[in-house]
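Numbering-wise (numbering that gives the first Met the number 0), the sequence shown opens with residue 0 and increments by one.
If you are wondering where the hints come from, they were derived from the structure by calculation, not from laboratory data. Beta carbons are placed, not taken as given, at the ideal position from N, Cα and C, and that holds for glycine. It cannot be assumed that every hint is accurate.
What the hints assert, rightly or not - Here are the computed lysine to aspartate or glutamate pairs in the EDC-like style, where the Cα-Cα straight-line distance is at most 20 Å:
id : residue 1 : residue 2
1  : K2        : D33
2  : K41       : D28
3  : K35       : E4
4  : K2        : D28
5  : K19       : D33
6  : K30       : E4
7  : K30       : E20
8  : K30       : E14
9  : K35       : E20
10 : K41       : E27
11 : K2        : E27
12 : K41       : E4
13 : K41       : E20
14 : K19       : E4
15 : K19       : E32
Stated by the list, open to error - Pairwise CB distance ranges (calculated):
id : residue 1 : residue 2 : range
16 : I44       : I6        : 35 to 45 Å
17 : I44       : G12       : 18 to 28 Å
18 : G12       : R43       : 30 to 40 Å
19 : K41       : E20       : 15 to 25 Å
20 : R43       : A7        : 20 to 30 Å
21 : I13       : Q40       : 31 to 41 Å
22 : I13       : I44       : 29 to 39 Å
23 : I29       : M0        : 12 to 22 Å
24 : K2        : V31       : 14 to 24 Å
25 : R22       : F42       : 17 to 27 Å
26 : V16       : I39       : 29 to 39 Å
27 : S15       : Q40       : 28 to 38 Å
28 : F11       : R43       : 31 to 41 Å
29 : R43       : I13       : 25 to 35 Å
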Amino acid sequence: MSKIELIAPTLFGIESVAAKEIRSLGYEDIKVEDGKVTFIQKFRI
Numbered sequence: 000m001s002k003i004e005l006i007a008p009t010l011f012g013i014e015s016v017a018a019k020e021i022r023s024l025g026y027e028d029i030k031v032e033d034g035k036v037t038f039i040q041k042f043r044i
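Required output: the full structure, derived from the provided sequences and hints.
Below you can see the structure in the form of structure tokens.
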């Protein structure tokens with residue numbers, strides 16, 4: 000199984016809200032940075 004890093008751009012200041020929502024969807028390895036949230040998605044080719 001492969002992995003890809005996805006980036007969710009956000010408005011400054013609401014990164015934690017976006018991270019909480021992404022976590023509730025079951026994504027892993029969430030990293031919160033200024034203006035974005037990155038996370039890992041597993042997939043099969």
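Here's how the hints hold up against the structure:
1. Among the hinted pairs, K2 with D33 is inconsistent with the structure: their alpha-carbon atoms are about 23 Å apart, more than 20 Å.
2. Restraint check: the Cα-Cα separation between K41 and D28 comes to about 11 Å, which is no more than 20 Å; the hinted pair holds.
3. Our distance criterion of 20 Å between C-alpha atoms is met by K35 and E4, whose separation comes to about 12 Å.
4. Of the pairs offered as hints, the one joining K2 and D28 holds, with about 11 Å between alpha carbons and a cut-off of 20 Å not exceeded.
5. Taken as a hint, the K19 and D33 pair is honoured in the structure, with Cα atoms around 15 Å apart against an allowance of 20 Å.
6. In summary, the hint linking K30 to E4 is supported, as the alpha carbons are separated by about 10 Å, within the 20 Å threshold.
7. In summary, the hint linking K30 to E20 is supported, as the alpha carbons are separated by about 13 Å, within the 20 Å threshold.
8. Under the criterion of a C-alpha separation no larger than 20 Å, the hint pairing K30 with E14 is consistent with the structure, at around 10 Å.
9. As the CA atoms of K35 and E20 are separated by approximately 13 Å, the hinted pair is consistent with the 20 Å bound.
10. A C-alpha spacing of about 9 Å is found between K41 and E27, which places the hinted pair at or below 20 Å, so the restraint holds.
11. As the CA atoms of K2 and E27 are separated by approximately 11 Å, the hinted pair is consistent with the 20 Å bound.
12. Distance restraint check for K41 and E4: the Cα-Cα separation of roughly 9 Å lies within the 20 Å cut-off, and the hinted pair is therefore satisfied.
13. This hinted pair checks out: K41 and E20 have alpha carbons roughly 18 Å apart, not beyond 20 Å.
14. Taking the CA atoms of K19 and E4, the gap is near 17 Å; set against the 20 Å cutoff, the hint holds.
15. A threshold of 20 Å between alpha carbons decides the hint, and for K19 with E32 the separation of about 13 Å falls inside it, so the pair holds.
16. A hinted range of 35 to 45 Å is violated for the C-beta pair I44 and I6, which are about 21 Å apart.
17. The hint said 18 to 28 Å for the Cβ distance between I44 and G12, and at roughly 37 Å that hint is violated.
18. Between G12 and R43 the CB atoms are about 36 Å apart, so this pair conforms to the stated range of 30 to 40 Å.
19. Between K41 and E20 the beta carbons are some 19 Å apart, a value that agrees with the proposed interval 15 to 25 Å.
20. Distance hint for R43 and A7: a CB-CB separation of about 22 Å, consistent with the stated range 20 to 30 Å.
21. For the pair I13 and Q40, the beta carbons lie near 21 Å from each other, so the given range of 31 to 41 Å is not met.
22. Here the CB-CB span from I13 to I44 is close to 34 Å, well matched to the stated 29 to 39 Å.
23. At roughly 19 Å, the beta-carbon separation of I29 and M0 lies within the given 12 to 22 Å, and the hint holds.
24. The supplied range of 14 to 24 Å is met by K2 and V31, whose beta-carbon atoms lie about 19 Å from each other.
25. The given range of 17 to 27 Å is respected by R22 and F42, whose C-beta atoms sit roughly 19 Å from each other.
26. The given range of 29 to 39 Å is broken by V16 and I39, whose C-beta atoms sit roughly 20 Å from each other.
27. S15 and Q40 have their C-beta atoms about 20 Å apart, which leaves the hinted 28 to 38 Å range violated.
28. Between F11 and R43 the beta carbon distance is about 36 Å. The supplied range of 31 to 41 Å therefore holds.
29. Take R43 and I13: their Cβ atoms lie about 32 Å apart, and the range 25 to 35 Å holds.
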